[in-house]
Amino acid sequence: MFATFDFDVIRRSLGYLFLDGMAFTLTLTALSALGGIIFGTLIALMRLSGFKVLGRIAGLYVDFMRSLPLVLVIFWFYFLVPYVGQWLTGASRPISVGAFTSALVTFIMFEAAYFSEIMRAGIQSISKGQPAAANALGMTYAQTMRYVVLPQAFRNMLPVLLTQTIVLFQDTSLVYVLSMPDFLGAASKVAQRDGRLVEMYLFAAVVYFTISCVASFGVRRLQARISIVR
Amino acid sequence: MIEINHVSKWYGSTFQALKDCTTKVAKGEVVVVCGPSGSGKSTLIKCVNALEPIQEGDIILDGIKVNDPKTDLPKLRARVGMVFQHFELFPHLKIIENLCLAQEKVLGRSHDEAMAKGAKLLDRVGLKVHANKYPAELSGGQQQRVAIARALAMDPIAMLFDEPTSALDPEMISEVLDVMVDLAREGMTMMVVTHEMGFARKVAHRVIFMDQGEIVEDAQKDDFFGKPRSDRAQKFLSKILSH
Numbered sequence: 001m002f003a004t005f006d007f008d009v010i011r012r013s014l015g016y017l018f019l020d021g022m023a024f025t026l027t028l029t030a031l032s033a034l035g036g037i038i039f040g041t042l043i044a045l046m047r048l049s050g051f052k053v054l055g056r057i058a059g060l061y062v063d064f065m066r067s068l069p070l071v072l073v074i075f076w077f078y079f080l081v082p083y084v085g086q087w088l089t090g091a092s093r094p095i096s097v098g099a100f101t102s103a104l105v106t107f108i109m110f111e112a113a114y115f116s117e118i119m120r121a122g123i124q125s126i127s128k129g130q131p132a133a134a135n136a137l138g139m140t141y142a143q144t145m146r147y148v149v150l151p152q153a154f155r156n157m158l159p160v161l162l163t164q165t166i167v168l169f170q171d172t173s174l175v176y177v178l179s180m181p182d183f184l185g186a187a188s189k190v191a192q193r194d195g196r197l198v199e200m201y202l203f204a205a206v207v208y209f210t211i212s213c214v215a216s217f218g219v220r221r222l223q224a225r226i227s228i229v230r
Numbered sequence: 001m002i003e004i005n006h007v008s009k010w011y012g013s014t015f016q017a018l019k020d021c022t023t024k025v026a027k028g029e030v031v032v033v034c035g036p037s038g039s040g041k042s043t044l045i046k047c048v049n050a051l052e053p054i055q056e057g058d059i060i061l062d063g064i065k066v067n068d069p070k071t072d073l074p075k076l077r078a079r080v081g082m083v084f085q086h087f088e089l090f091p092h093l094k095i096i097e098n099l100c101l102a103q104e105k106v107l108g109r110s111h112d113e114a115m116a117k118g119a120k121l122l123d124r125v126g127l128k129v130h131a132n133k134y135p136a137e138l139s140g141g142q143q144q145r146v147a148i149a150r151a152l153a154m155d156p157i158a159m160l161f162d163e164p165t166s167a168l169d170p171e172m173i174s175e176v177l178d179v180m181v182d183l184a185r186e187g188m189t190m191m192v193v194t195h196e197m198g199f200a201r202k203v204a205h206r207v208i209f210m211d212q213g214e215i216v217e218d219a220q221k222d223d224f225f226g227k228p229r230s231d232r233a234q235k236f237l238s239k240i241l242s243h
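Top to bottom, those sequences are chains U and D. Residues in the first sequence are numbered from 1 upward in steps of one, following our numbering. Residues in the second sequence are numbered from 1 upward in steps of one, following our numbering.
No lab work stands behind these hints, which were simulated from the structure alone.
Each computed DSS-like pair below joins lysine-lysine, with the alpha-carbon atoms no more than 25 Å apart:
no.	chain 1	residue 1	chain 2	residue 2
1	U	52	U	128
2	D	133	D	94
3	D	24	D	75
4	D	105	U	128
5	U	128	D	75
6	D	70	U	52
7	D	221	D	202
8	D	94	U	128
9	U	128	D	133
10	D	117	D	75
Make a model of the complete structure from these sequences and hints.
Printed below as a string of structure tokens:
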């Protein structure tokens, strides 16, 4: 049945697929994960802070983001932000935000909602005696978080954070709605151009599957190593 | 050095953990606080460096009012060492790093200075060879000695001990008490919540007995062990000294 297929199209487009497409996907994944974890940690700290108002705002934000389909957020963000920017700055025309910037900000904001829940669980997993000991040594709230609580929370949650990042890696393919040249977008372009839809989409699926699978395996090994040390 | 004046504390709106407690610890004095579990003794000692807030009364530490909202608490706490029941070493840091962290970040000492001080104190508690291990690799008694060294590294004006030997296996208790006895004999001001009456007999100047959030008895050591005035203290002593 493979006789009518032309798998050579893959070999011919490898350079474009990986050097452009995959590089874009990995960059977007890495930056989104980094930003998402930082922003998510801030949200988690807000939720756990003694200030009711801050906690409430953070809680609403998380619920809001988790109640929307990611693809819609990407879409709306891309089309709305220029107008919001115009309104905020009082400019005469919509501000142009590059597609990459727009997508990156969307992913950071969206993923932060998920990362914040992971970090919240991580912070709550640290016994209260730890911040008490840090306080007793004269550390401020910020120092206690930075040097004592967050490093431990982060370490405990590393496997879950990485797993969420693997999900994020797959989710970045949704930027196709903005016709951006990520890996799937690149594969799709070649597919349309050469009329080789089955081959290219099959190949894209295999690549996503392989990378995610290997990464998951790596996370499991890491998890096993962490649990021995503790 | 430590003055506790008419302190009351509630958890929530109903449960009163401390009822009008008044006592003081003079410079160089060793005061042991004992009493049945739930008597408020740990709560009282945690109020001294404001790890627990109080609702009524005053606590004055070296002339500074602890429960004044304007007091710079981190700065004040840095001057008082505290040792916890469950050690609370930072598990992600090596032993020597546990000793250096607050010296560098709170007192602003240089890394070399902090390392030197840390090594000296580790040597003092007999754990110099373990400097580069992680807390989980040490026994409970060793961890508690590290915790004492960590507190001493801040050059505290007084030390608070919250049941320092309660979480230890029996054979490890004496190694921790030995360090505390040395400290007491050097003239450190100490407030110690403990059931170790042997320790109290050896180095305490005064013994405070608490029950149900009240200071029932506050007496010189010899008076306390010789002829406790209250029934409750007598009962408590007969229970823990009978075996």
